[in-house]
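Here is what each chain is made of, one letter per residue.
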Amino acid sequence: MSAARRRRVVLGLALALPVVMLVAVAAGSVPLPLRGVLGSLLHGLGLGIGGALPPSSETILWVVRLPRVLLAAVVGGGLAVVGATLQSVFRNPLADSGLLGVGAGAALGAVAAVRLGWAGTTFLALPLAAFAGAMAAVLVLYALSQALGGGTLHGLLLTGISVSALAAAGTSMLLVATEEFRVKTVLFWLAGGLDGRGWVHLRIGGLVMLGGCLVLLASARVLDVLSLGDEEAAALGLPVHSARLGLLALAALVAGAATAAAGSVPFVGLVAPHALRPVAGSLGRHLLPAAFLGGALLVVLADLGTRVISPNVDLPLGSVTAFVGAPYFLLALRHADARR
Amino acid sequence: MSAAAAVPILEAESLSVRRGPRLVVEGVSLVLGPGEAVALIGPNAAGKSTLVRALAGLLAPAAGEVRLRGRGLRDCGRDAVARAIALVAPDEAAPATLTVAERARLGRYPYRGALRPFTTEDEAAVARALARAGVEPLADRPLATLSAGERQLAALARGLAQEPSILLLDEPAAHLDIGHQLRLFRVLDEVRREGVGVLAVVHDLPRAAAWAERLVLLARGRVAAEGPPATVLAGPAAAEAFEVAIRAEHLGGRPVYLFDEKPTPRA
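As given, the protein sequences belong to chains R and H, one line each in that order. Residues in the first sequence are numbered from 705 upward in steps of one, following the working numbering. Residues in the second sequence are numbered from 136 upward in steps of one, following the working numbering.
Simulated from the structure, these hints should not be mistaken for laboratory data. This one's a predicted model, so the numbers in the text were calculated from it and none came from an experiment. Errors might be hidden in some of the hints.
What the hints assert, rightly or not - Covered, in the sense of this in silico footprint (three residues per stretch, anywhere, with C-beta under 8 Å from a C-beta of chain H), are these stretches of chain R:
id : region
1  : 918-931
2  : 936-943
Claimed, not checked - Beyond 12 Å from chain H on every Cβ pair, some chain R residues (computed):
id : residue
3  : Ser-706
4  : Val-723
5  : Leu-1034
Stated by the list, open to error - Example chain R residues on the side facing chain H (calculated, C-beta under 10 Å, incomplete):
id : residue
6  : Ala-707
7  : Pro-771
8  : Arg-907
Even glycine gets a Cβ: it sits at the ideal position worked out from N, Cα and C.
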């Protein structure tokens, strides 16, 4: 865990991300030439180098692909930072917004907004409802884990399962009662995806997610102190309860924004921080940036997968991350059990 | 009464602490002055750990008060309390991948809070704490790779990094072999010489008697005896609390305590 190795890993991720994003922007049902894409991007940045692609390609690049890939990166990064935060707050290395029901809560909020027709009529109704759902799930989870002694690895996960199931049940009830023309929109949120996402989603959702991540990064030391356990944290002068609630609210804000932008994208919050913890260490100021980069990389790749694996149908993004994340989770769980 | 006890840093007056419905500490008064070495002894479930946590301000008193330099803990502010009082308790809660040095650095939280960057003063305090606790060679090792005893010393390093006026320890020697135990108590004596008052829960009575200037015997939540080790251990309260017969022999000028099982009927 030398500092040099940690820096190499973070630097490697930071270098890999733009390269992978460039490939993701170029690849798809209409492949664009890599050099042309790079030229157009540099030209678009006003650097006075490079040059525009043919008009149709320009449109694909600037209107369709670029905001989508940027959003994928921010969603992935945001979810990974949320996962790392939840892992520290609950002192559980396998915490994740999807596993703990925070994603399901956000989805319930989003679906409710669609069902009630607010999503189409009221500005920001959908992200706000997703945030409210995520926040409600976090609060229920926190209250239950305190009351039921969910402080253990399995206790918290089991509590998360019940919160998830509760939110999913609510979503199903809404789904049954939803007019047919809205069902597809609803299903979209449940499966996760970045189809048809553009600059407007990036501008609003991206701002909230990046802002939330920056505040969480600024709170890294609080996260570190909390991870020592309630007693030691309190003995170091931290107001444990309000600190935890504040961090959970921020996590819910980012998770809600991510869900509003991309629907349910499970396991990213688990895989990225969990895989990077052994190299990045536990300190928030090291782990959170590494997790952000790792999560961004993961979702950009997963979104690329949804577009290139089957040329005719866009696969659901959430399914792709789950196909990767679920086996990872089982391995991590087995490893955690073997260690105790 | 020593000069130290005349100007107490930490003072409990008629302190009672509840845990759930049960009154675990009842009417305890004690003082801790600069540079003092006090061992808190008592049978299991006597309320020692609860008392230590209440002294650190982690548990609110049901009655009575804890004062830091004459002011009630509640009026002092969290940060000020955490700068003055460090608590080192056995725990396995810290994340497995946190390193010893990172853990010690968190001891500076009461000084720097969430945002202010560390100064050279902070770095020096952390380095001193690591060296003093004898964990400097382990500084970059993750906690998961350490033995229980080494983790205990890492926790002590965090407490020392707080540069407190009062060091409270709950069974600091629990996982330590004899060599590490002797080193631990030597470290405690070193910080005492700098004026830090040290109160430690010690289960090993001969060790408590050898190290402490004063023993406080807690039995069923109350102070059953208090004073110089020889006096407390020779008194009837200690024998009754532990339900043993205690005998002191002298070997090379040092008292050696011998214990024999002696069931005493409880009142």
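Do the hints match the structure? See the list:
no.	hint	result
1	918-931	holds (count 7)
2	936-943	holds (count 7)
3	Ser-706	violated, 7 Å
4	Val-723	holds, 28 Å
5	Leu-1034	holds, 20 Å
6	Ala-707	holds, 8 Å
7	Pro-771	violated, 33 Å
8	Arg-907	violated, 28 Å
The structure is inconsistent with the numbered hints 3, 7 and 8, although it conforms to all the rest.
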